[in-house]
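Taken in order, these protein sequences are the chains called A and B. The first sequence runs 1 to 245 under the numbering used here. The second sequence runs 1 to 245 under the numbering used here.
These are calculated hints, taken from the structure and not from any lab test. Treat the hints with care, since some could be wrong.
Copies of the same chain are indistinguishable here, so a pair counts whether it falls within one copy or spans any two.
[What the hints assert, rightly or not] Computed list of lysine to any residue pairs in SDA-like fashion (alpha-carbon distance at most 20 Å, straight line):
1. 94 <-> 168
2. 2 <-> 188
3. 2 <-> 87
4. 94 <-> 172
This is what each chain is made of:
Protein chains: 2
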Amino acid sequence: MKALVFDVFGTLVDWHTGVRQAGELAGRSVGSERDWSQFALDWRAGYGPAMAAVNDGRASWQTIDGIHRAILDGLLAGYGLETLTEADKQELNKVWHRLPAWPDVGAGLDLLRRNHLLAPLSNGNVSLLIGLARTNGWRWDCVLSSELAGKYKPDPSVYRTAARLLDLNSAEIMMVAAHVGDLRAAAATGMATGWIHRPLEFGPVAPPSKFHEVSQMIDADLVAPDLTTLSRKLADFNKGNSAGT
Amino acid sequence: MKALVFDVFGTLVDWHTGVRQAGELAGRSVGSERDWSQFALDWRAGYGPAMAAVNDGRASWQTIDGIHRAILDGLLAGYGLETLTEADKQELNKVWHRLPAWPDVGAGLDLLRRNHLLAPLSNGNVSLLIGLARTNGWRWDCVLSSELAGKYKPDPSVYRTAARLLDLNSAEIMMVAAHVGDLRAAAATGMATGWIHRPLEFGPVAPPSKFHEVSQMIDADLVAPDLTTLSRKLADFNKGNSAGT
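The following block holds chain A by itself, in its conformation from the complex:
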């Protein structure tokens, strides 16, 4: 592999914790007590349908920031947040720019960057991805986003745009994600695939899935419980690939 591209929400950052805490904070500022874990789940749930509407032409292009804001506006009344000022709503919407990384990500990316180009390949818009990189101290070689293709993953144009901009064959790129749909779509354009297990993506679910059980059902070139392990497996994978050619 020459480059690794990364799904971000869920794979690199813990959106559930970040959004739950932001909701709690916003609620406290206006005296609203609610289930902020459910608030995070509801906000995230609106995201897939809105992207699908863009991809199949029912809606024109808008960024994830715009999609997030439209979903948030629909949730405000139900969560007692309707009295937030416009500035506070904008600030709350930007929580997606400053989500916390999973604990293995910083060290994992540093390891992987020694021998590979690294970029996010996310449905988050470019400015959002810049915010997450600044928040978490990540060092990307460039920022790749669905915004550059004008379509959302899993549309094949997103993966093809990434390969074109990196000037690499798709087979020289590995898509890394916690979501099999993303990996399947990447593989369909010729990319290699690396699956990362994120059992706590949707918050405290009981019981969380176990890596050694779930990973056996995943169809990916590599499976790993964290980025550090992925880095080790990738070194073997790269050796195996060059030995095989």
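Go by the hints and put chain B onto chain A.
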């Protein structure tokens, strides 16, 4: 200013020295002795007309890598390089991915990045800009390139695409370049401008221009002999701007 975007060839990297040395090395490998400084100038000279042909529709889009290769092919015979293998020609063409930075650039970018988003905004394609950043250890927040607009600077769409992807108003962005045409085009889209003096861009010309003489003729918001000085002047400029509003 919230973000600074940078011209790269000439402004951040010393293309003349890098290309001259690569020509010399290639020449030595096939026993050709020529004026490699002139080789660098000739290679660079073909670049403007090829980009203009793309911008005014006489040629369809191609990357700078493609443009560089076409120009190189036209120079090979005149410089005794026609016996290079295809692999060697490809390698020589990639010299534009590994040019050396001017001495002030590394420290200057580190200083500027403390308080601003930083990105190249270059006619170089994304993969070329990744190569230059890796070669010189630069840390960009994202990579912006004419490739993302499908037009070359000074087409206004290039500057507007950059502002859109950064999700900033043009007035929140400063274009930094050694070339007044680039700054003029950026200013026309509403960007602020910072001019850097690079008297040795075209190699050893006698006598090189003096900053205190030339800078007075430059129409830019800031003028500086190097990025470290720009960083100091920018701090004052930002203070002045916020005091004025």
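Going through the earlier hints one by one, which of them does the structure break, listed in rising order?
none
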